[in-house]
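In order, the protein sequences belong to chains X and Y. According to numbering that gives the first Met the number 0, the first sequence is numbered sequentially starting from 0. According to numbering that gives the first Met the number 0, the second sequence is numbered sequentially starting from 0.
Derived by calculation from the structure, the hints in this document are not laboratory data. If you're wondering where the values come from, they're calculated on a predicted model, not measured in any experiment. Treat each hint with caution, since some may be false.
[Claimed, not checked] Now the stretches of chain Y that chain X is said to cover, found in silico as 3 or more residues with beta-carbon under 8 Å:
| no. | segment |
| --- | --- |
| 1 | 45–53 |
| 2 | 72–85 |
| 3 | 94–107 |
[What the hints assert, rightly or not] The following label-pair restraints were derived from C-beta to C-beta distances:
| no. | chain 1 | residue 1 | chain 2 | residue 2 | range |
| --- | --- | --- | --- | --- | --- |
| 4 | X | 147 | Y | 94 | 38 to 46 Å |
| 5 | Y | 88 | X | 89 | 32 to 40 Å |
| 6 | X | 94 | Y | 94 | 55 to 63 Å |
A virtual CB, placed ideally from N, CA and C, is assigned to each residue, including glycine.
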Amino acid sequence: MATLPPEPVQVIKQRRDGALNRLVGAVPYIQFLGIRFDRRGDELTAIMPFKDSLIGNPRLPALHGGATAAFLEVAAIVELSWTSLWDAMEAGRLDPASVGADGLSMPKTIDFTIDYLRPGLPRDAYARARVNRSGRRYASVHVEAWQDNRSRLFAQATGHFLMPGDATA
Amino acid sequence: MPDRKTIARQFLKALPHSHALGMHLDDVGDGWAVLSMAYDPKLIGDPQTGVIHGGAVSALMDTASGAAVMLHPSAPLTTATLDLRIDYMRPATPGQTLRARAECHHVTRSVAFVRAVATDDDESRPVATATGAFTIDSEVR
Chain X
0 MATLPPEPVQ
10 VIKQRRDGAL
20 NRLVGAVPYI
30 QFLGIRFDRR
40 GDELTAIMPF
50 KDSLIGNPRL
60 PALHGGATAA
70 FLEVAAIVEL
80 SWTSLWDAME
90 AGRLDPASVG
100 ADGLSMPKTI
110 DFTIDYLRPG
120 LPRDAYARAR
130 VNRSGRRYAS
140 VHVEAWQDNR
150 SRLFAQATGH
160 FLMPGDATA
Chain Y
0 MPDRKTIARQ
10 FLKALPHSHA
20 LGMHLDDVGD
30 GWAVLSMAYD
40 PKLIGDPQTG
50 VIHGGAVSAL
60 MDTASGAAVM
70 LHPSAPLTTA
80 TLDLRIDYMR
90 PATPGQTLRA
100 RAECHHVTRS
110 VAFVRAVATD
120 DDESRPVATA
130 TGAFTIDSEV
140 R
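Here chain X stands alone, though its shape is the one from the complex (with noise of 0.2 Å):
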């Protein structure tokens, strides 16, 4: 029995990249914020280069609280969407042009608690979510986010989702 040649590489990474640009793409607040995700396989980072407009306290300087706090949870929703996007989209079950188009509904928040370890500095800050726990409608979700050292938070956040009804059915 002949097996399938494997897929040409670039036509995975096209798909998958497709499928993860129209997701952030998306969502104007994740393009208000700049951030951008860096995917190596399904593991993804999330980017926020540094602006003027994310600062807090402008006599540190520090970003600002609530920008660290939008940062963290858009990494949470994004994994959890990314994570639960994956396996419909490898198993091709799901057609990676229709992500973000005609909806693939967003995870809604039921909780976040933010930690703020220490004052983020005016640079990038990178974060990489772990979903834990993912069931049929409740998801948790922990992110830890760092800048120059990756041993070195400056703030982690737990969070509960609300998983949308099944968006790949």
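The hints should help you fit chain Y onto chain X, whose structure is shown.
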């Protein structure tokens, strides 16, 4: 000694991110502040419904809480968020201004405790509530 509304206005004006989000100081008192944020398409978090992103609600709650700490009669010089928990009760109605009322209900020498509620036009049903702990610096070091 500048009056408290001036203190709060200066506090808010000095925050570029709050300015970028279009926050406005509505009312203040001893240890409390009311801030509003008009609906703006750039704040949308769910493109399907037009509901603003939770992060924008968090930013409003965080700023209102910080202002409430600065307005406490103990007159702190600076403050920073230690921890903030936000509960989202329902989506904010698209098109409506969001208003957050924060109250600094207790302070110690180094910590301030805050509660906040966010509402849209229907004030009987909160959009979100928050509780937070803030640092306090009351002397120049």
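Hints versus structure:
no.	hint	result
1	45–53	holds (count 6)
2	72–85	holds (count 8)
3	94–107	violated (count 0)
4	X/147 - Y/94: 38 to 46 Å	holds, 41 Å
5	Y/88 - X/89: 32 to 40 Å	holds, 36 Å
6	X/94 - Y/94: 55 to 63 Å	violated, 32 Å
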